[in-house]
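Novice: For reference, the chains in residue letters:
There are 2 protein chains.
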Amino acid sequence: MFDHVVMMRFEPEADAALLERVERCADRVRAERDGIEAFFVQPNAADRSDGLTHAAIGVFASSKARDRHQVSPAHREMEAFMMPRIARIAVFDAEVGS
Amino acid sequence: MFDHVVMMRFEPEADAALLERVERCADRVRAERDGIEAFFVQPNAADRSDGLTHAAIGVFASSKARDRHQVSPAHREMEAFMMPRIARIAVFDAEVGS
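So the sequence lines, in the order shown, correspond to chains A and B. Read left to right, the first sequence gives residues 73 to 170 (the numbering used here). Read left to right, the second sequence gives residues 73 to 170 (the numbering used here).
So here's chain A without its partners, still in its complex pose:
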């Protein structure tokens, strides 16, 4: 399995319309199913968030599945919409489990 965590802060602050469109992007990513075990975008409930208000978390069958996701139309569409609206980002990638 391969975990991909993108912690982020939007600029300006995320409003309901932005989050609704992000959720539709996430629906399309999930619909790909190609090696995607789980994928979601959620607000951050942690106190020690370091100002990072949301995260996208993807769990993939392998790093190869993650690579395929990165260049998929659904991910490219999500990235094109979100990146101009993101002020700061911190990414974590790791092979996990057996």
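One or more hints might be untrue.
Reference excerpt, derived from the structure (chain B facing chain A, CB under 7 angstroms, subset only) [stated by the list, open to error]:
1. Met73
2. Val113
3. Asp122
4. Thr125
5. Val163
6. Ala166
Restraint-style ranges between C-beta atoms, simulated for each label pair [claimed, not checked]:
7. A:Gly123 x B:Glu83: 11 to 21 angstroms
8. A:Arg96 x B:Val143: 19 to 29 angstroms
9. A:Glu83 x B:Ala103: 12 to 22 angstroms
10. A:Arg102 x B:Ala152: 15 to 25 angstroms
11. B:Ala103 x A:Thr125: 14 to 24 angstroms
12. A:Glu167 x B:Phe153: 37 to 47 angstroms
13. A:Glu104 x B:Arg96: 34 to 44 angstroms
Because the hints were derived from the structure by calculation, they are not lab data. Just so it is clear, CB atoms sit at the ideal spot from N, CA and C, and this is done for glycine as well.
Position chain B against the provided structure of chain A, taking the given hints into account.
Specialist: Okay, now just chain B, sitting in the frame of chain A:
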């Protein structure tokens, strides 16, 4: 399910002895099994890490299971060992899935 992600940077930089001891702490956390679906500490392979070189990720059955973990002896031991060695931290918490 409840996801708990702790991205971190150690100070001074993590060496093999530190990571070995962290792994033993993680073994004890996993051995608790009380609502812990997955728990690991891994180096960060991402380019856009924002200087956060490692992460601990816990997947819990519920936020209540996460609360129990926070006050468990295994977690307290891990925290007592790691916190003085951590220069920066960014935490993400969220209820996920159905």
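Novice: Could you run down the list of hints and mark each one as holding or not?
Specialist: For each hint, the structure was consulted:
no., hint, result
1, Met73, "violated (9 angstroms)"
2, Val113, "violated (9 angstroms)"
3, Asp122, "holds (4 angstroms)"
4, Thr125, "violated (10 angstroms)"
5, Val163, "holds (4 angstroms)"
6, Ala166, "holds (4 angstroms)"
7, A:Gly123 x B:Glu83: 11 to 21 angstroms, "holds (20 angstroms)"
8, A:Arg96 x B:Val143: 19 to 29 angstroms, "violated (39 angstroms)"
9, A:Glu83 x B:Ala103: 12 to 22 angstroms, "violated (43 angstroms)"
10, A:Arg102 x B:Ala152: 15 to 25 angstroms, "violated (39 angstroms)"
11, B:Ala103 x A:Thr125: 14 to 24 angstroms, "violated (34 angstroms)"
12, A:Glu167 x B:Phe153: 37 to 47 angstroms, "violated (24 angstroms)"
13, A:Glu104 x B:Arg96: 34 to 44 angstroms, "holds (38 angstroms)"
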